[in-house]
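As given, the protein sequences belong to chains B and F, one line each in that order.
So that you can map any letter, position 143 of the first sequence is 143 in the numbering used here, and since no number is skipped, the others follow by simple counting.
So that you can map any letter, position 170 of the second sequence is 170 in the numbering used here, and since no number is skipped, the others follow by simple counting.
Check before you lean on any hint, since a few could be wrong.
To be verified - List of simulated lysine to any residue pairs, SDA-like, C-alpha gap at most 20 Å: (1) F:Lys124 with B:Glu86; (2) F:Lys146 with B:Glu16; (3) F:Lys124 with B:Tyr25; (4) F:Lys205 with F:Arg172; (5) F:Lys46 with F:Asp90; (6) B:Lys9 with F:Lys124; (7) F:Lys123 with B:Thr22; (8) B:Lys9 with B:Tyr100; (9) F:Lys124 with B:Ala31.
Said to hold, decoys possible - Here are some, though not all, of the chain F residues that point toward chain B, as calculated from beta-carbon distances under 10 Å: (10) Arg81; (11) Thr85; (12) Thr88; (13) Ser91; (14) Lys109; (15) Phe121; (16) Ser132; (17) Ala134; (18) Ala142; (19) Ser187.
I should point out that these hints are in silico values taken from the structure, not numbers from a laboratory.
Cβ atoms here follow ideal geometry from the backbone N, Cα and C, with glycine treated the same way.
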Amino acid sequence: MSLMAREMKASFAFVERNFNLTKRYWGWEFAWLIYSIAGALAISLIGRSEGSERLLLVLVVGAIFWNFLSLVFEFIAETVQWERWEGTLEYTFMAPVRRYAQLMGSAIYAIGYGLVHTAVVLTVLALFFQLDLSHANFATAGAFILLGSLSFMGIGIAAAILPLMYVERGGQMVFVIQSVLLLVSGVYYPISVLPGWMQAVSHFSPATYVLDGVRAGLIEGTPVTALFGDV
Amino acid sequence: MTTVLEQVNRQAVTDLAASPASIEGAAEVPALLVEHLTKRFLVGRKRKPVIAVNDVSLRIRRGEIYGILGANGSGKSTLIRLFSTLLTLDSGRVEVFGHDVQREEMTVKRVINRVSVDAAFFKKLSPHENLSYAARLYGMDARPAKAEAIRILARLGIGESRLGRPLEQMSRGMQQKVAIARALLTSPTLLLLDEPTTGLDPRSKLDVQTFIEEMRDTHDATIVLTTWPRTPPTVSRP
Ligand SMILES: Nc1ncnc2c1ncn2[C@@H]1O[C@H](COP(=O)(O)OP(=O)(O)OP(=O)(O)O)[C@@H](O)[C@H]1O
Ligand SMILES: [Mg+2]
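Isolated chain F, as found in the complex:
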């Protein structure tokens, strides 16, 4: 089950090693360094182990947009969860800008953010209320955060007038845009996107894509995503 995923990652790693750019880059601290990462889940009464991530290694440089591709159930989401400190590793090592995800959890948490397939919100709260919660969690002041949220959402085509009503009144695609805005709000230097544009129309996908590329250029952000909209997922470098 994990073969597709492994292949993509192996290829990416070897690719990097072959190019002169990465030999130079080897001196700098990678945005994300993964070495022999393995994660098992114990399922059912018999606690049968299911291997979700099997010996994955990768090295992603600062400013890269890195795609992870794999069949359903191949462990993409699990991998993203491992990077975002939500799961404990069974073996191997994950470092974000040189900080170990387990030993320096707080430092890692401050520089990452993640958008998942399911827009996780308090559905009765408005986008403003949800984003204010997010901003405070990340130690931002509410007022500038609000202004920033309005700016980002306007870029994604959501007007200010929609931001005061319960989120459940928005379409799924719009909710997903709010989720993307929430992640961008905290200016993460490593942005983890798990199928971020699922449910968006082609135009919106393009909006998000352009915005994310802009993020990388202006904020020096590194982006890891599963499935890239429209174009087949590839490993791209700036």
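Extracted from the complex, chain B is given alone in its bound form:
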């Protein structure tokens, strides 16, 4: 078997294992879904209470987006912790699998899982608020979601390296990075309200640009061509 095929197969071991775990822990998955929906609704309702349809949309986009990103991050941060808890860490580390195969496997599953989960939350929110997307420019939103998925895959994989490299502290590091991203990326507010130095940090977060793009497309109907600079 060629080396590449071998590594792909090994990556699949992690995808299949995680899928089986999701299936066996379905009760928890369901609970998580309820939690995510309730959280996204609660935040979005602030927009409704202010009577601003625009604020509502800003918050919905933020909540959906954050749901996805935090799921991917948590999944990745916990991969090593989970194995330690189950006691399988040594078994996995003893197997003839390179770290990057493990990394690809965890990241691929985390992203797939995040997408499905987030799609459900999005559907519930759209139905609940009867979202008016008549002005929306879906090409722009779509382009940024695509771009966003790619950059998140990048962040996801980068984050997945930490727990594998630093078995002891990696999980904590990912948790901290995730928290900082929430603060600086303008998930629920424009970054202009942040102090100057934080704004500077926010330029390093790809999330900032993705959020800007998706919002411009969905809310203002800006065509994708007008945002070329952002891309």
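Chain F with the ligands: place on chain B using the hints.
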């Protein structure tokens, strides 16, 4: 603390050197070659060194079943972990079929497997799911691996009907048998067993013992284990 362990190993090494069989065997690549292996752990805030393995040397030939004996805390498990690439060595050398465990880690990983005292599984997953994970990690195809797992577990007295339910519903002894099946599944040529039959009833111990001896005969496997069931641990040769 390490004295008992060292004695056993020294004796084994000298034993080998004395017998004519091993002089012949010296030309062939040993299954496991350990030279002056030392491992320290740094514990606590002051990073006080604890010597877990102290200057151990041994040479195990292909097809041998080699027992390692020692008191609690004498470093048996640490030694097995060192052989299975889970720990870095402080000094000395370990070679598996002529491959250095540190420089040729992947090659070594492919030919070894280990069963430890604690059956390390995803407890909510079924034996099938756990074994499928193991098979894929070792680059095997899922379907033949499944058939093989069913065959091995049947030999150890676990029926196919038990293999679809979460592993946590099995008794400890049964879990340990699944752990043994998982290791045998990948056909390791060096099988490392750290108290593999702890928790098994006498009959099951015998089942496992017979099966492992069969493994050695049919698969040309070499076996290193800590504590041999029932009989006092000894160095045995085929
Ligand atoms: N990860 C670790 N960190 C610090 N010290 C360790 C670690 N693992 C083992 N030790 C120490 O190394 C020594 C040997 O431990 P080991 O587990 O190898 O003994 P053992 O012979 O397997 O004992 P038992 O018969 O109880 O299984 C002990 O003093 C133990 O405290
Ligand atoms: Mg031990």
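Those earlier numbered hints the structure runs against, lowest number first: Those not satisfied are hints 6, 12, 13, 19.
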